[in-house]
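Enquirer: Sequence:
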Amino acid sequence: MRSDLRDRRIALAISVFVFSVFVLRHLQDGIYRIVPKFALEANTGPVWSATQDREVIRSLKLNTSTIEYRRYCFSARQNKDTKRQSLVDLDWPLLRDTQADQIAAQQLEHNGFDKACHQGQILHVPLDHFDHLSDTGTLMLGVATFIERLQQSLPEMARWLAGTNSKLVVILRDKSPKTTDLQAVMDIAES
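Take the sequence shown: its letters are residues 1 to 191, numbered as in the working numbering.
No wet-lab data here; the hints were simulated from the structure.
Do not take every clue at face value.
[What the hints assert, rightly or not] Ranges of calculated distance between the beta carbons of each label pair, as one might list FRET restraints:
id, residue 1, residue 2, range
1, R6, V56, 56 to 64 Å
2, C73, V16, 39 to 47 Å
3, M140, M186, 15 to 23 Å
4, V56, Q183, 43 to 51 Å
5, D135, V16, 17 to 25 Å
6, L60, Q121, 27 to 35 Å
7, L12, I171, 46 to 54 Å
8, L90, E55, 37 to 45 Å
9, A162, C73, 57 to 65 Å
10, R6, W160, 32 to 40 Å
11, L139, K61, 51 to 59 Å
12, C73, E190, 34 to 42 Å
13, P126, D4, 44 to 52 Å
14, V56, R8, 49 to 57 Å
A virtual CB, placed ideally from N, CA and C, is assigned to each residue, including glycine.
Turn these sequences into a full structure, and let the hints steer you where they fit.
Expert: Okay, here's the thing in structure tokens:
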């Protein structure tokens with residue numbers, strides 16, 4: 001009984017140590033956020049629109065005649081020559097008066113979204129890379145989904161599973177799977 005308790009304490013200490021090393025290793029370059037691949041390709045503004053901002057301000061019954069709204073779009077593009085320490089110079093001043101809109105004077109659009117940004121800036125970010133690769137060949141990961149969703153998520157799965165030796169088991173749930181679609185999914189998964 002004492003050795004069982006001792007083994008548990010040792011296992012707990014090792015787990016805490018491994019977790020601490022994992023966290024410290026990821027924080028040595030600073031905290032960062034992985035940008036999804038689909039977000040890197042779009043050059044549109046944020047989903048939260050100016051119309052929604054104006055509605056919130058109006059609901060608070062603030063004096064909207066003195067509030068100006070500015071919308072700027074920033075798009076991330078991966079670039080192999082960019083380092084984490086790279087700086088970005090804006091092509092335009094951040095607080096330019098010509099892009100200010102008077103909220104009280106503007107009519108709201110019916111669809112809830114404003115048109116695309118008047119001006120945008122592309123931010124070059126470094127390519128994703130991992131210094132450490134784990135061998136998780138003893139794990140078997142599974143997913144049950146539809147063909148369309150699997151095709152959309154395969155690039156992300158390939159990114160996170162690359163070099164890990166993990167097995168991926170897919171159960172397709174589709175009422176009438178088409179042979180050509182199944183073959184296309186298999187081709188993507190094998191590449």
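Enquirer: All the hints need checking, so say for each whether the structure fits it.
Expert: Hint-by-hint comparison with the structure:
1. Against the hinted window of 56 to 64 Å, the Cβ-Cβ separation of R6 and V56 comes to about 58 Å, which satisfies the hint.
2. Taking 39 to 47 Å as the suggested C-beta distance range, the pair C73 and V16 conforms, at roughly 43 Å.
3. Judged by the Cβ atoms, the range 15 to 23 Å given for M140 and M186 holds: they are separated by roughly 18 Å.
4. A beta carbon spacing of about 49 Å between V56 and Q183 agrees with the range 43 to 51 Å that was offered as a hint.
5. About 22 Å separates the C-beta atoms of D135 and V16, a value consistent with the hinted range of 17 to 25 Å.
6. Distance hint check: the CB atoms of L60 and Q121 are about 30 Å apart, consistent with the given range 27 to 35 Å.
7. The supplied range of 46 to 54 Å is broken by L12 and I171, whose beta-carbon atoms lie about 36 Å from each other.
8. Between L90 and E55 the beta carbon distance is about 29 Å. The supplied range of 37 to 45 Å is therefore violated.
9. For the pair A162 and C73, the beta carbons lie near 31 Å from each other, so the given range of 57 to 65 Å is not met.
10. In this structure, R6 and W160 meet the distance hint of 32 to 40 Å, their C-beta atoms being roughly 36 Å apart.
11. For L139 and K61, the hinted distance range of 51 to 59 Å is satisfied, since their beta carbons lie about 55 Å from each other.
12. A hinted range of 34 to 42 Å for the beta carbons of C73 and E190 is consistent with their spacing of about 37 Å.
13. Against the hinted window of 44 to 52 Å, the Cβ-Cβ separation of P126 and D4 comes to about 48 Å, which satisfies the hint.
14. With their beta carbons about 52 Å apart, V56 and R8 fall inside the hinted range of 49 to 57 Å.
In summary, the structure is inconsistent with hints 7, 8 and 9 from the numbered list given earlier, while agreeing with the others.
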